[in-house]
Amino acid sequence: MNQLSNPRALALQIGAVALLLMAALVGLLVREDRARAGGQEVRLAMEAVDPRSLLSGHYAALQLVERVTDGAPCPPELEAHYGQDDSWVALSPAAGGVHRVTGAGATRDDALKHGPVVVRGQADCRQAFLAPPREPDEAAPPTDDRPQETFITLDIGVDRFYADQTKAEALEAALRRQGDAAAPPAFAIVSIGQDGRGRLKGVEVGGARADLNWF
Amino acid sequence: MAAYKARLSEDLDRWIAQGLVAPESRQPILDSVAEARRIDAGLALAIMGAVLAGLAAIAFVAANWDVIPRLARFALILGVFAATCGGAAWAALRGRPLVRDVLLGVAALIYAGAIGLTGQIFDLAGDPQAALRGAGLAAALLALAGRANAAAIAAVALIALSDFAGPEGLFGLQLRWLAIAAPAGALLALAWRSRSLAHLAGPALVLGWLFAAPDVRPEGYLALAAAFALACAAARWASEQERRAAGIIFAWMAVGALAAFAAAGLSSEVYGLLHRLAWLIISGGVIALGLHDRAGGVTAAGVLSAIAAVSAILMDLGLGLMTAAGVFAGCAILALVAGGLLRRGRVKA
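Quick mapping for you: the protein sequence lines, in order, are chains A and B.
So in numbering that gives the first Met the number 0, spot 200 of the first sequence is number 199, and the numbers just go up one at a time.
So in numbering that gives the first Met the number 0, spot 213 of the second sequence is number 212, and the numbers just go up one at a time.
Next comes chain A alone, as it looks inside the complex (with noise of 0.2 angstroms):
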């Protein structure tokens, strides 16, 4: 520290690092901007978790989450792979535009075995029972014919919704009603990049859309 270089040479040092990290961070919001405009478009159920965070600027957590009333069985592969790093989630179209989980697999060909669109992440199948537990009764059927639900939570990195704050907790509202049967469907509307990452688009709450931009 007290043998410094020449002044003009550090003061061209700081400057020009300046520049390439400024030029580095404009670079990764040009790289992510492209990526999300040229990914491949998919309409994802979802649903509010957590609230908002003051700390981190006003938001509305999200949680990518089916629901399978008919008690349908979890989609192959995904206990798998579920809290595995660099894991893959298969998506298939559904109807009403939507796309739905349909499998996993370690790499991008594995996943694809189980639907046309993937993306990097993974999910959870957990399947609950609507009605109480019956009571021991001799004369009560040997198997368990109550009602099932299955859940689906997807994890790809798309966790939250940056709006300003009448936004934010309108949109939070919205989807807080979404286990009720008359709230409006709400989607995150998700990009598939090329390199299988899913980037947030928009979210579309009753059939209004908001979609991210640079303004």
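Derived by calculation from the structure, the hints in this document are not laboratory data.
Using N, Cα and C, we set each Cβ at its ideal position, and we do this for glycine too.
Any given hint could be a false lead.
[Unchecked claim] Derived contacts from chain A toward chain B, CB cut-off under 7 angstroms, selection only:
#, residue
1, L9
2, A10
3, Q12
4, I13
5, G14
6, L20
7, V29
8, E31
9, V97
10, C124
11, L199
12, A207
13, L211
Dock chain B against the given chain A, drawing on the hints supplied.
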């Protein structure tokens, strides 16, 4: 500095009385020692005013953040970063190293914030660990470009945070980036004679190397202890060359060597009581080294290690106090004999 000057003044009086220094040299020597910089009330008020103005600007922008267009927000962040770096470059040209150092440290933190805010403004999905790592690398670049301690400290801290933010956290034993960044920080601290950087890089190096990988075998910890001991020897040599900050690194490397040696025995039962005895003897050696070199940190590391070794022996032996007494008596005799031999050797020399 004022305390040093007062002590020097007393020393000079004594040296003049002993005929070691000419009386006419007294004042020039005292004049050559810079006075401690004093901050007057006007300057203090100006600094407070600048800080409050900055806080007012930040609060104003925060209150209106939502209504500012996204691109304008991004431009604002880049502008603040560019202005801070510009200030640092200006300070470099004007020969104000402290201002340059502080501004580059602030710029490193602004850039770290800029990465997070850019992700928030444009809803970019990303890995928090990668974001912190990127911020750490940016801070390292700023530190190297402007020879800035503060930015180097920010770099080591951000890279440490990125490792801690991993899925398993600190005890996931995956502090691999810190294991590389911390020694680089320690070398920079030695090269730049920076005590503040050494105070961070030293413990970071110990943590980074000890928690770099999971499932380390006892032999691995012994090799690590040897690596720390080598680094300790190098730092001691640098300290003897009166290289500023080397003493701090010396102490932390002693901590690392003792901790790695302890981990070698505590991570398995392979070495048993032999390890505990060696641990106790090495701790004693480190205490002696610290006392010899007047290195308080090294002595403290040795004392703490000796306490831990004694505790481990007591734990191992359970309630066999007679056995414990025998072990400690044996160690005491060994220490006394070694001390006596060393003293005799010094007297003969």
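Cross-check of the supplied hints:
1. L9: 4 angstroms, holds
2. A10: At about 4 angstroms, which falls below the 7 angstroms cut-off, the nearest Cβ of chain B leaves the hint on A10 of chain A intact, so it holds.
3. Q12: Cβ of Q12 of chain A sits 4 angstroms from chain B, so the hint holds.
4. I13: Holds, about 4 angstroms.
5. G14: 5 angstroms, holds
6. L20: 5 angstroms, holds
7. V29: Violated, because the Cβ-Cβ distance from V29 of chain A to chain B comes to roughly 11 angstroms (cut-off 7 angstroms).
8. E31: 5 angstroms, holds
9. V97: 20 angstroms, violated
10. C124: 21 angstroms, violated
11. L199: Cβ of L199 of chain A sits 5 angstroms from chain B, so the hint holds.
12. A207: Since chain B brings no Cβ nearer than about 18 angstroms to A207 of chain A, farther than 7 angstroms, the hint is violated.
13. L211: 5 angstroms, holds
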